[in-house]
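Residue numbers (our numbering), protein chains in the order written: chain A, 1 to 350; chain B, 1 to 350; chain C, 1 to 350.
Just to be clear, a hint being listed does not mean it is correct.
What the hints assert, rightly or not - The list that follows gives simulated cross-link-like pairs (lysine to any residue, SDA-like), each with its CA atoms no further than 25 Å apart:
1. C:K193 with A:E7
2. C:K193 with A:G297
3. C:K340 with C:I306
4. C:K45 with C:H17
5. C:K193 with A:A91
6. A:K45 with C:P295
7. B:K10 with B:V105
8. C:K45 with B:G274
9. B:K340 with A:Q330
10. B:K10 with A:R187
11. B:K193 with B:I259
12. A:K193 with B:K10
13. A:K10 with A:I30
14. A:K10 with A:T61
15. C:K10 with C:Q86
16. C:K10 with C:P20
17. C:K10 with B:E62
18. C:K193 with A:Q330
19. B:K45 with B:E62
20. A:K45 with A:I30
21. A:K340 with B:R329
22. B:K45 with A:T277
23. A:K10 with A:L83
24. B:K340 with C:R329
25. A:K45 with C:P186
26. C:K193 with A:D204
27. B:K193 with B:E244
Claimed, not checked - Not close to chain A: a few residues of chain B, all C-beta gaps over 10 Å, as computed:
28. T25
29. R44
30. R167
31. A173
32. G227
33. V291
34. R313
As the list claims (entries may be wrong) - Restraint-style ranges between C-beta atoms, simulated for each label pair:
35. C:I99 with A:H275: 50 to 56 Å
36. C:D307 with A:A192: 47 to 53 Å
37. A:Q330 with B:F184: 45 to 51 Å
38. C:S108 with A:G21: 40 to 46 Å
39. C:D43 with B:D113: 51 to 57 Å
40. A:T277 with B:R42: 18 to 24 Å
Calculated directly from the structure, the hints in this document are not laboratory data.
Even for Gly, the Cβ is constructed at its ideal location relative to N, Cα and C.
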Amino acid sequence: MNSTLAEIAKLVHGIVHGDPGVRITGVNGIMEARPGDLVMVRDRKYAARLGESRAAAVLATEPPAGDAIPAILVPDPDHAFALVLQHIEEAQRCHPTGIHETAVVSESARLGDRVALGAHVCVGAESEIGDGVVLYPGVVVGARVRIGADTIIYPNVTLREDTEIGRRCLIHANTAIGSDGFGFVPREGRWAKIPQVGRVVIEDDVEIGSNTAVDRAKCGETRIGRGTKIDNCVQIGHNARIGEHCVLAGMVGIAGSAIIGNHVRLAAGAGVAGHLTIGDGTTIGARGGVVRSVPPGSVLSGFPAIDHETERRAMVARERLPAMLRRVRQLERRLEALEKGTHEQTENNS
Amino acid sequence: MNSTLAEIAKLVHGIVHGDPGVRITGVNGIMEARPGDLVMVRDRKYAARLGESRAAAVLATEPPAGDAIPAILVPDPDHAFALVLQHIEEAQRCHPTGIHETAVVSESARLGDRVALGAHVCVGAESEIGDGVVLYPGVVVGARVRIGADTIIYPNVTLREDTEIGRRCLIHANTAIGSDGFGFVPREGRWAKIPQVGRVVIEDDVEIGSNTAVDRAKCGETRIGRGTKIDNCVQIGHNARIGEHCVLAGMVGIAGSAIIGNHVRLAAGAGVAGHLTIGDGTTIGARGGVVRSVPPGSVLSGFPAIDHETERRAMVARERLPAMLRRVRQLERRLEALEKGTHEQTENNS
Amino acid sequence: MNSTLAEIAKLVHGIVHGDPGVRITGVNGIMEARPGDLVMVRDRKYAARLGESRAAAVLATEPPAGDAIPAILVPDPDHAFALVLQHIEEAQRCHPTGIHETAVVSESARLGDRVALGAHVCVGAESEIGDGVVLYPGVVVGARVRIGADTIIYPNVTLREDTEIGRRCLIHANTAIGSDGFGFVPREGRWAKIPQVGRVVIEDDVEIGSNTAVDRAKCGETRIGRGTKIDNCVQIGHNARIGEHCVLAGMVGIAGSAIIGNHVRLAAGAGVAGHLTIGDGTTIGARGGVVRSVPPGSVLSGFPAIDHETERRAMVARERLPAMLRRVRQLERRLEALEKGTHEQTENNS
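My request is simple: use the sequences and hints to build the entire structure.
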């Protein structure tokens with residue numbers, strides 16, 4: 001990046017306060033900023049720290065105290081900053097273009113317009129790759145897979161046969177979609193495999209992180225609703241159904257056949273047991289482990305997950321457990337002494 | 001799938017009850033079924049829900065109430081359903097066949113009969129690939145690896161040098177077998193690497209999920225016993241030994257040198273600390289964290305894992321902790337009042 | 001391996017005690033040893049078990065009791081054993097050499113001396129690969145990536161654009177470095193992506209396990225300090241900064257913008273919430289979940305992580321919770337009886 005403050009102000013529809021010719025060569029956090037960086041302050045709390053920053057300029061709602069550094073004034077600095085990030089992203093972008101000569105594409109696969117296949121990509125029989133799809137090097141697409149327009153799939157991702165991916169999805173490096181679900185029945189002291197003949201359907205505008213696994217259904221579908229965002233190292237079991245516009249943070253685990261509503265948020269390391277239903281708009285705290293179905297709008301944490309406020313109090317109480325144990329022991333001794341005394345006294349009185 | 005009910009009845013050795021000409025185009029769960037789907041009911045509880053299903057026919061032990069839909073009667077519907085799933089799986093199957101021209105095979109590697117190597121597969125020096133083995137696109141096999149007959153390895157799996165895989169194993173996409181164990185010793189304020197020169201041995205009929213890591217031993221072996229099934233996102237440390245016919249659910253972690261017996265079940269997110277022994281037939285509940293060796297036949301949960309029933313009661317009690325703390329405080333106050341009163345009274349009496 | 005005891009003694013600068021011509025064909029643990037194996041004993045506790053071992057010889061500080069087996073005497077058996085392991089590792093090593101004809105290297109990439117690129121490796125535009133770097137088959141290197149001299153990257157690893165890797169690093173199979181951080185803002189009932197235009201910087205001598213994900217920064221850097229060792233299935237969020245010479249065991253999760261000091265140890269399954277600071281030299285126990293910033297030298301465990309000793313006592317007390325609840329109930333009953341009795345008595349006395 002190498003723009004003047006005036007150029008960036010134009011991009012974000014903001015007003016320059018100070019020298020419009022200041023050169024901006026990057027963006028950063030307030031404390032991490034280097035000379036040339038543009039930073040963003042959301043409110044006065046952050047603005048107070050501008051004095052310590054080496055930033056060249058700031059995106060803010062009002063001029064910084066003492067006009068410390070030049071500013072671009074905007075009503076919504078978060079949004080303006082996102083626009084700048086997007087501008088940088090487009091400049092940095094280095095998606096593959098065209099069909100690399102080492103890509104292996106089945107004769108029966110159909111490729112849309114402007115499809116880009118990186119080196120060593122593999123596309124299976126009867127697959128349909130939508131317009132503008134980008135498959136980075138090393139992506140393996142099985143048979144009968146459908147990928148919607150403008151989806152981007154990063155290196156070394158695997159999409160097993162019959163998987164369906166929506167439009168404008170992002171799937172990050174080394175993730176596996178459509179592997180066999182984990183289903184076995186005991187038979188004569190061994191585990192007999194239940195064949196997994198269903199598939200995975202991922203709707204539009206879904207983003208999935210790296211090293212995540214979404215298993216195909218035993219039969220029917222494992223489904224991720226549109227707009228849902230999934231982080232790294234997440235495991236989603238067979239026949240799970242995740243609703244629309246959910247957020248699943250890193251290391252979340254969803255067991256088989258769990259049904260998650262819309263707008264559900266699962267914080268890092270949270271888990272949901274199999275065959276449960278999580279109501280719309282529910283929030284599960286970090287490491288919360290849900291073992292019972294949950295009504296819409298719940299806020300839960302802990303394992304087993306309970307009402308978040310109750311859990312918070314139980315967590316605080318837990319630290320005091322050893323002390324409480326001592327107090328109970330003491331109470332017992334004192335009570336015993338008292339009982340003995342009262343008894344004697346009663347006898348004396350008789 | 002497109003069969004008549006009569007054809008499926010023949011496949012599962014069942015008896016048609018109702019129209020044998022009904023066309024079956026898929027299989028599904030009772031509630032998820034679409035027209036044309038065959039479903040399965042295990043018992044009367046499930047049978048009661050058939051009325052709400054759009055299924056075309058059912059696998060069951062007895063005719064559905066009111067002959068709601070046509071049925072195939074079998075003594076073991078689970079087993080019959082698995083046979084149908086297997087039939088579908090075989091039809092769906094799209095394993096690579098032959099040696100793809102982009103596969104890179106060392107001259108010193110030996111390939112058995114009917115070996116299939118997908119696009120961009122790589123087989124290292126002196127490796128031996130058994131009869132009927134299928135390596136999907138992007139699989140990387142290091143030097144001196146041995147893979148037993150009829151094993152299937154899905155895309156982008158890595159098998160590091162000297163790994164040994166048994167017969168009829170399944171290894172799912174993006175899993176890493178034989179990476180260096182995690183071993184370091186502190187030396188002058190740094191971590192010095194302990195070279196990891198052992199290997200991984202995976203016995204016959206093992207299945208391993210996606211994005212799982214099984215590390216090679218420091219010296220000697222990390223070993224997974226025959227018939228053991230391992231899910232996604234599992235971590236198995238160096239020199240661990242997992243017994244036969246175990247089940248390790250998603251996100252389980254086994255630390256280095258742990259020894260797990262036969263027929264052990266580890267539920268999702270369970271963990272075992274290093275250098276422990278878990279007796280045969282033990283079950284560890286979801287997220288159970290084992291920090292001490294465990295005798296055969298144990299049923300444990302919690303962290304640290306304790307007897308499952310005790311843990312269950314402790315979990316219930318945990319929610320009542322804040323209330324209990326209040327009760328203890330109240331007891332103390334009442335007791336103090338009483339002690340004071342008794343004391344006064346005793347003085348009065350003297 | 002096939003050496004005489006005398007040859008190994010020379011390698012480790014030790015003194016042979018017993019037959020110097022004994023043939024050593026491998027190394028192993030005391031109990032796992034097979035004939036021909038060399039083992040190591042650190043102290044007398046281990047030495048006592050030599051009688052049960054099938055080992056051919058032992059590395060030790062003093063001759064074994066009754067000269068049970070030949071020995072090499074050294075002051076530091078751990079160090080000597082590591083030297084032997086290193087010797088074996090060098091012999092076993094089968095790194096790719098040269099540039100494989102199927103590797104795809106951008107014309108604008110610069111390769112140092114003695115660079116080895118395995119089959120189907122891909123190197124993006126303007127990347128710089130240092131002297132002696134080894135990229136195993138299937139590694140995908142994006143644009144503008146820099147890799148320092150003598151770093152080894154195992155199969156199917158992805159390095160996204162702009163990533164910087166130091167010298168002498170090891171990155172294990174199927175790990176993803178530089179994927180987009182997980183950043184979204186709610187906008188009209190949907191999640192709008194915050195573009196992630198920062199990068200990942202990994203300093204010298206870092207080792208990273210398999211199926212680990214280190215996300216690129218939103219802006220600025222995600223940074224792993226030199227000498228730090230990271231295990232398998234670890235998740236490191238955007239803008240996190242890990243210090244020097246840390247150890248992160250398997251399944252650790254570091255949320256976005258967390259700052260971890262130097263010489264910090266995180267045991268298996270530990271987690272750190274976002275935007276926290278962990279002081280130098282801190283140790284977090286297995287599954288510890290840090291939700292507040294932590295001063296240097298802390299030793300914490302539990303979730304939320306508290307002082308390790310307090311947590312240990314709380315864990316023990318937890319098992320006694322149901323019993324404690326019963327005791328409190330009993331205390332209440334006894335106290336009530338006593339209060340009633342005292343009251344009556346007081347009335348009698350009046």
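Hint-by-hint comparison with the structure:
no.: 1; hint: C:K193 with A:E7; result: 23 Å, holds
no.: 2; hint: C:K193 with A:G297; result: 24 Å, holds
no.: 3; hint: C:K340 with C:I306; result: 43 Å, violated
no.: 4; hint: C:K45 with C:H17; result: 20 Å, holds
no.: 5; hint: C:K193 with A:A91; result: 17 Å, holds
no.: 6; hint: A:K45 with C:P295; result: 24 Å, holds
no.: 7; hint: B:K10 with B:V105; result: 44 Å, violated
no.: 8; hint: C:K45 with B:G274; result: 19 Å, holds
no.: 9; hint: B:K340 with A:Q330; result: 16 Å, holds
no.: 10; hint: B:K10 with A:R187; result: 23 Å, holds
no.: 11; hint: B:K193 with B:I259; result: 24 Å, holds
no.: 12; hint: A:K193 with B:K10; result: 22 Å, holds
no.: 13; hint: A:K10 with A:I30; result: 22 Å, holds
no.: 14; hint: A:K10 with A:T61; result: 16 Å, holds
no.: 15; hint: C:K10 with C:Q86; result: 14 Å, holds
no.: 16; hint: C:K10 with C:P20; result: 11 Å, holds
no.: 17; hint: C:K10 with B:E62; result: 78 Å, violated
no.: 18; hint: C:K193 with A:Q330; result: 57 Å, violated
no.: 19; hint: B:K45 with B:E62; result: 13 Å, holds
no.: 20; hint: A:K45 with A:I30; result: 12 Å, holds
no.: 21; hint: A:K340 with B:R329; result: 23 Å, holds
no.: 22; hint: B:K45 with A:T277; result: 20 Å, holds
no.: 23; hint: A:K10 with A:L83; result: 11 Å, holds
no.: 24; hint: B:K340 with C:R329; result: 22 Å, holds
no.: 25; hint: A:K45 with C:P186; result: 22 Å, holds
no.: 26; hint: C:K193 with A:D204; result: 14 Å, holds
no.: 27; hint: B:K193 with B:E244; result: 32 Å, violated
no.: 28; hint: T25; result: 12 Å, holds
no.: 29; hint: R44; result: 19 Å, holds
no.: 30; hint: R167; result: 14 Å, holds
no.: 31; hint: A173; result: 4 Å, violated
no.: 32; hint: G227; result: 5 Å, violated
no.: 33; hint: V291; result: 17 Å, holds
no.: 34; hint: R313; result: 13 Å, holds
no.: 35; hint: C:I99 with A:H275: 50 to 56 Å; result: 52 Å, holds
no.: 36; hint: C:D307 with A:A192: 47 to 53 Å; result: 49 Å, holds
no.: 37; hint: A:Q330 with B:F184: 45 to 51 Å; result: 47 Å, holds
no.: 38; hint: C:S108 with A:G21: 40 to 46 Å; result: 32 Å, violated
no.: 39; hint: C:D43 with B:D113: 51 to 57 Å; result: 53 Å, holds
no.: 40; hint: A:T277 with B:R42: 18 to 24 Å; result: 21 Å, holds
Of the numbered hints given earlier, the model fails hints 3, 7, 17, 18, 27, 31, 32, 38; all others are met.
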